[in-house]
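Trainee: Please build the complete structure, drawing on both the sequences and the hints.
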Amino acid sequence: MPSSTKSSFYPPSVDITPYLQDPDSAEAQRVIDDIRTACISTGFFQLLGHGVPSTLQQSVFDAGKRFFALPTDVKLGMDCRRNVGFRGYDAMASQSYESGVLPDLKEGFMMGTDMPENDPRVINRRFFMGPNVWPPESLIKNEDFRQPLETYFEAIMKLCWTVMDLVAATLPYGPNVFDEWKA
79 MPSSTKSSFY
89 PPSVDITPYL
99 QDPDSAEAQR
109 VIDDIRTACI
119 STGFFQLLGH
129 GVPSTLQQSV
139 FDAGKRFFAL
149 PTDVKLGMDC
159 RRNVGFRGYD
169 AMASQSYESG
179 VLPDLKEGFM
189 MGTDMPENDP
199 RVINRRFFMG
209 PNVWPPESLI
219 KNEDFRQPLE
229 TYFEAIMKLC
239 WTVMDLVAAT
249 LPYGPNVFDE
259 WKA
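Using the working numbering, count along the sequence shown one by one with no gaps and you end on 261.
Calculated directly from the structure, the hints in this document are not laboratory data.
You may find that some hints are simply not true.
Unchecked claim - Restraint-style ranges between C-beta atoms, simulated for each label pair: (1) Ser216 x Asp102: 46 to 52 Å; (2) Gln99 x Pro149: 45 to 51 Å; (3) Pro90 x Phe205: 28 to 34 Å; (4) Val179 x Gly127: 20 to 26 Å; (5) Pro194 x Gln173: 23 to 29 Å; (6) Lys219 x Pro198: 29 to 35 Å; (7) Phe87 x Asp192: 23 to 29 Å; (8) Thr248 x Ala171: 35 to 41 Å.
From a predicted model like this one, the values you see are computed outputs, not experimental measurements.
Glycine included, C-beta positions come from ideal geometry on N, C-alpha and C.
Mentor: Here you go:
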């Protein structure tokens, strides 16, 4: 009878608080070293001390509950597959990434940096670039959906650039190696 062992894996956790407080400190260098070690050993890490308030995170969950409670026909009116930049509602089972595999059993709401339709990147159909699509305010007030999502998006983008700066600091290519993707 084959033996089985149960193993548990916990991703390494990296608290970036010291880096956010003073990127030039010795403690910040330890954060960079911890990220380097995590990326080399496991390829990923859990981010702690990121500074995104839990109240903001909760407001996004609440906004999602409001949106996904809308009638299906209303959500389908914002179908991301029909909108420039793949923005809006992503219906249940609308994505399958492999032939012969069941589609994803999730629904979603896609948004990004809000770009006008006359932006050259939108005109040239750069992937995921376009104007955001929002439900009518008569169904969900802006302060209950759009504003929390835009505020969260802004906070997460700022955090993404911080993480990119941290990862860049672990590499031998200089601190600006990822700057071209920040535009």
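Trainee: Given a hinted range of 28 to 34 Å, is it respected by the beta-carbon distance of proline 90 and phenylalanine 205?
Mentor: holds, 31 Å
Trainee: Would you say the C-beta atoms of valine 179 and glycine 127 sit inside 20 to 26 Å of each other?
Mentor: violated, 37 Å
Trainee: Do serine 216 and aspartate 102 keep their Cβ atoms within the hinted range of 46 to 52 Å?
Mentor: Check passed, 51 Å falls within 46 to 52 Å.
Trainee: How does the Cβ-Cβ distance of threonine 248 and alanine 171 compare with 35 to 41 Å: does it lie in that range?
Mentor: Since the Cβ atoms of threonine 248 and alanine 171 sit about 39 Å apart, the hinted range of 35 to 41 Å holds.
Trainee: Kindly confirm whether 29 to 35 Å is satisfied by the beta carbon distance between lysine 219 and proline 198.
Mentor: With a Cβ separation near 33 Å, lysine 219 and proline 198 satisfy 29 to 35 Å, so the hint holds.
Trainee: Can you let me know if the beta-carbon spacing of glutamine 99 and proline 149 is within 45 to 51 Å?
Mentor: holds, 47 Å
Trainee: Does the Cβ pair phenylalanine 87, aspartate 192 satisfy 23 to 29 Å?
Mentor: violated, 39 Å
Trainee: Could one say that the CB atoms of proline 194 and glutamine 173 fall in the range 23 to 29 Å?
Mentor: 27 Å Cβ-Cβ, so the 23 to 29 Å window holds.
Hints 4, 7 from the earlier list are contradicted by this structure; the remaining hints agree with it.
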